[in-house]
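2 protein chains.
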Amino acid sequence: MRQWLFLLVVMLFASSGVVAQDRPNIVFMMADNLGYGDVGVYGGGEVRGAPTPEIDRLAREGLRFTQFLVEPGCTPSRAATMTGRYSVRSGLSLVIVPGTPNTLAPEEITMAEVLKDVGYDTAYYGKWHLGMGDSSLPHSQGFDEFYGIPNTSDETLYVPTSLQSKVPLPPGFEIPSIIEARAGQGVEVVKPYDFDSRPTIDGELADRAVAFIRDHKEGSAPFFLFIGWTYPHYPNLTEPDFEGASRIGRYGDALMALDHNTGRILNAIDEAGLREDTIVVFMSDNGPMRTSTWPDSGSAGPFRGELGDPLEGSIRTIGMIRWPGKIAIGQSNEMFSTMDFMPTFARIAGAEMPDDRPIDGVDQSEFLLGQKSTSNREHLITFTGDQIQAVRWRQFRYYLVDVTPSGLGASRQEGLAGAYRPLHYPLIFDIEADPREEFNQNVYRGWVTGHASQVIEEFMQSLVEHPNPPAPNLTNFRAQ
Amino acid sequence: MRQWLFLLVVMLFASSGVVAQDRPNIVFMMADNLGYGDVGVYGGGEVRGAPTPEIDRLAREGLRFTQFLVEPGCTPSRAATMTGRYSVRSGLSLVIVPGTPNTLAPEEITMAEVLKDVGYDTAYYGKWHLGMGDSSLPHSQGFDEFYGIPNTSDETLYVPTSLQSKVPLPPGFEIPSIIEARAGQGVEVVKPYDFDSRPTIDGELADRAVAFIRDHKEGSAPFFLFIGWTYPHYPNLTEPDFEGASRIGRYGDALMALDHNTGRILNAIDEAGLREDTIVVFMSDNGPMRTSTWPDSGSAGPFRGELGDPLEGSIRTIGMIRWPGKIAIGQSNEMFSTMDFMPTFARIAGAEMPDDRPIDGVDQSEFLLGQKSTSNREHLITFTGDQIQAVRWRQFRYYLVDVTPSGLGASRQEGLAGAYRPLHYPLIFDIEADPREEFNQNVYRGWVTGHASQVIEEFMQSLVEHPNPPAPNLTNFRAQ
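Just so you know, the protein sequences line up as chains A and B, in that order.
Residue 265 in my numbering sits at position 265 of the first sequence; the count goes up by one each step and never skips.
Residue 537 in my numbering sits at position 57 of the second sequence; the count goes up by one each step and never skips.
No wet-lab data here; the hints were simulated from the structure.
None of the values given here were measured: they were computed from a predicted structure.
Heads up, a few of these hints could be off.
In silico SDA-like links for lysine to any residue, alpha-carbon gap of 25 Å or less [stated by the list, open to error]: (1) B/Lys852 with A/Glu46; (2) B/Lys852 with A/Pro53; (3) A/Lys326 with A/Pro295; (4) A/Lys372 with B/Glu526; (5) B/Lys852 with A/Ile329; (6) A/Lys326 with A/Gly263; (7) B/Lys806 with B/Arg727; (8) A/Lys326 with B/Glu526; (9) A/Lys372 with B/Arg727; (10) A/Lys372 with B/Lys646; (11) A/Lys372 with A/Ile329; (12) B/Lys596 with B/Lys806; (13) B/Lys806 with A/Gly133; (14) B/Lys852 with A/Ala245; (15) B/Lys671 with B/Lys697.
Only some residues are given here: those of chain A computed to face chain B with a beta carbon under 10 Å [what the hints assert, rightly or not]: (16) Gly37; (17) Gly40; (18) Glu204; (19) Gln441.
No residue lacks a Cβ here, since even glycine has one placed at the ideal position from N, Cα and C.
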């Protein structure tokens with residue numbers, strides 16, 4: 001009943017089309033390696049020994065996706081989010097590690113740049129992981145300001161573990177930093193990102209985000225605030241307040257700290273009186289790390305696989321969006337990709353998407369605003385490095401590589417992701433009938449091949465005029 | 481907010497203690513082999529290609545358990561529910577197949593008998609599976625009337641598959657029947673339970689249940705109505721109305737039919753004006769069948785294991801209870817066993833539990849009625865046949881048998897459940913940190929052994945005065 005009432009409100013609002021002059025603020029929160037099964041409303045939270053009341057509250061006040069789809073790793077997923085394109089198109093389809101030349105090119109056009117063009121104030125606080133060079137960092141890619149870490153949290157482990165091993169770090173792997181930068185100005189190193197600052201970084205991000213929101217209370221310009229939380233990515237060292245808060249150790253403690261910090265942002269929006277004028281997104285960049293970091297690791301819920309795999313547990317994750325009175329409240333099983341945010345927000349803000357390059361994200365504004373009951377997406381390709389590994393088409397997953405438990409087993413036991421054995425005959429799973437992708441259906445549903453091939457063919461056609469940059473892999477990324 | 485309001489209401493109602501004179505009706509629905517991951521509010525439903533709006537509605541109007549615990553098979557779980565005791569105490573710790581002598585003994589005291597003693601009208605419609613003999617059937621065990629199947633739905637497969645195999649059925653495996661019986665009267669065979677009646681049986685149960693509720697609208701006696709749904713137990717042949725209703729074939733179609741029939745019961749309660757006076761329970765008897773019946777099979781959600789295993793996916797399932805204004809609305813991660821219903825309802829109805837035998841169920845009325853914030857349960861033993869296989873103690877599971885994927889693998893691939901390899905050193909899993917029970921913690925948390933041993937020791941002590949009947953297993957059940 002309540003849901004229908006909201007839908008009615010939404011339809012009244014929406015009947016006159018998207019009103020570009022009323023540009024909403026956008027607060028975009030991205031958690032790091034949070035699993036589908038970790039958060040309360042997705043079946044985790046208290047059941048995982050770590051309640052998540054604030055994220056649950058956001059979910060209940062907005063639209064929660066049960067088919068929110070991403071790429072299978074931090075860099076690829078963030079590249080896809082920021083450019084609205086498959087990461088392979090920007091050469092960022094593998095996770096960046098220090099010393100590699102992979103980086104977000106100046107020619108790429110980001111979500112921040114298109115919003116900036118229509119007058120948005122923009123800020124990025126948190127983990128970036130799209131390149132360390134000055135031209136790749138947020139302040140050079142459409143954000144007015146940046147505070148955070150260029151790469152990722154695993155690097156805090158490098159110095160301690162090299163010391164423990166009594167061996168020096170290789171060049172380029174020196175101690176990482178928390179940095180600060182403003183558009184048109186240089187980068188300032190604030191302090192080392194190490195075991196001392198790891199526990200406090202998300203609290204700092206929340207402090208800055210809260211201040212940013214407060215400062216925009218009276219402002220006329222709409223804003224785009226991106227918060228790249230570092231939790232619950234290993235190593236999950238938490239603030240003293242959260243040590244021992246959960247029943248499962250570090251991972252649960254970090255989950256609760258993440259939840260608390262998310263709540264601080266939601267409260268700041270309310271206190272600034274901006275609730276109705278602000279779109280809030282909360283998502284995870286990819287599935288959880290499980291085997292190689294356990295017990296500092298998450299749950300993929302009912303799905304098989306983890307970060308790095310092309311499996312559902314790696315690419316289906318947590319995603320929700322709130323815009324009071326505009327976006328319906330409830331749960332949706334329609335497909336939504338993280339690439340869809342950029343064209344959707346461009347449309348809502350009256351901004352222009354680039355028209356000189358393929359865009360893989362689709363405009364979902366009509367679906368979100370209740371003018372259309374279905375999503376504009378029914379397929380998604382999953383890449384790792386230069387390989388197409390799988391295609392999602394409606395409820396089916398079509399694999400070109402061996403992701404059976406035995407095919408995956410060897411690399412998984414070692415905590416590796418990567419290039420699986422190519423197949424000469426596809427694997428086809430029905431993800432609704434078989435959420436753990438265990439019962440191959442390529443005999444009874446061989447016709448899925450036709451649909452999947454068409455998706456691949458369309459992608460390949462797009463490369464004729466717009467070839468991808470050389471895709472990175474372990475043997476070629478240093479040679480470039 | 482709404483939750484607190486209800487809690488307040490509950491506390492006002494409850495402050496004067498349980499009022500036995502206002503005996504509520506009890507409508508108890510048990511689904512067959514429904515998995516934790518199959519229903520919408522538990523992460524399934526639409527996500528599984530089969531929406532379950534009626535069960536979801538019931539969950540939202542009542543208290544939904546995320547740690548609802550059962551025994552790992554139909555007969556054991558139903559024996560435990562009906563007697564408030566571990567099934568091994570009544571010799572029913574293996575699934576009854578035709579030709580075996582296992583049966584519910586006349587000396588056992590059932591939930592229906594204790595409620596009958598304080599004036600309840602009682603009826604059982606549906607699957608029984610606690611013995612086929614006249615003295616074991618519901619009409620001899622406290623129910624005024626019975627309509628349904630003495631055993632289980634797999635038997636509908638026996639005639640067709642023996643015909644297909646060109647071999648006769650062994651004696652005792654003849655075509656099963658739908659029967660009807662009244663207390664003090666004999667059993668009447670209504671019709672065969674076969675491929676013709678399999679699709680319509682649950683609709684028939686709903687018809688009878690709706691009529692029973694309607695007939696009790698004006699009645700002064702409270703009633704205990706037990707509905708043993710036959711869905712979604714294989715073979716899931718559904719009514720024409722539901723053929724093709726879901727996106728995943730038979731299993732999903734049956735799930736939607738089950739949901740529809742459940743909704744019919746809820747509507748009948750409302751139409752009779754009995755909503756406030758009626759406790760409604762909806763639960764599954766055990767985890768889903770997965771490997772050996774796929775695609776006619778369910779999902780255990782984030783847990784590993786299936787029907788017959790001692791694993792979490794087998795013994796943690798769907799369970800919810802509604803009593804408007806009395807039992808709080810929301811979700812609880814407190815432990816609740818299906819054995820707890822009998823002593824809880826006895827207390828609420830002012831009935832007497834038997835005092836001449838061990839009772840393993842605990843009275844949860846104070847917890848349900850909001851007089852106590854925690855459940856009265858923190859452990860559970862899991863048996864198969866005559867073996868103690870595992871102990872649940874708080875968030876830990878302690879195994880005496882090899883349930884590692886490799887230990888389980890061989891039997892699982894054959895679709896078998898049974899006696900796993902005994903261990904000389906336990907396996908210990910933290911079910912919150914590791915919902916799929918993959919990371920053995922017997923080194924870091926070896927102290928769980930002390931708690932688990934105490935639970936086992938207390939159980940063993942109870943056997944000194946009250947030894948179990950001979951436990952059935954494949955080698956001895958015909959010899960008894």
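Okay, the hints, checked on the actual structure:
1. B/Lys852 with A/Glu46: Satisfied, since the Cα-Cα distance of roughly 18 Å is no more than 25 Å.
2. B/Lys852 with A/Pro53: Holds, because 22 Å separates the two Cα atoms, which is no more than 25 Å.
3. A/Lys326 with A/Pro295: violated, 40 Å
4. A/Lys372 with B/Glu526: Holds: A/Lys372 and B/Glu526 sit about 19 Å apart, inside 25 Å.
5. B/Lys852 with A/Ile329: Between B/Lys852 and A/Ile329 the Cα gap is close to 33 Å, so the pair fails against 25 Å, i.e. violated.
6. A/Lys326 with A/Gly263: holds, 21 Å
7. B/Lys806 with B/Arg727: Status violated; Cα separation ~38 Å.
8. A/Lys326 with B/Glu526: Holds: A/Lys326 and B/Glu526 sit about 24 Å apart, inside 25 Å.
9. A/Lys372 with B/Arg727: Cα-Cα ~21 Å, so holds.
10. A/Lys372 with B/Lys646: Distance ~55 Å between A/Lys372 and B/Lys646 Cα, so the pair is violated.
11. A/Lys372 with A/Ile329: Within the cut-off at roughly 15 Å; holds.
12. B/Lys596 with B/Lys806: holds, 23 Å
13. B/Lys806 with A/Gly133: violated, 62 Å
14. B/Lys852 with A/Ala245: holds, 23 Å
15. B/Lys671 with B/Lys697: Not OK: B/Lys671 and B/Lys697 at ~30 Å, beyond 25 Å, violated.
16. Gly37: holds, 5 Å
17. Gly40: Status holds, d = 8 Å.
18. Glu204: Violated: closest Cβ of chain B sits about 28 Å from A/Glu204, beyond 10 Å.
19. Gln441: holds, 8 Å
Violated hints for the displayed structure, listed by number in ascending order: 3, 5, 7, 10, 13, 15 and 18.
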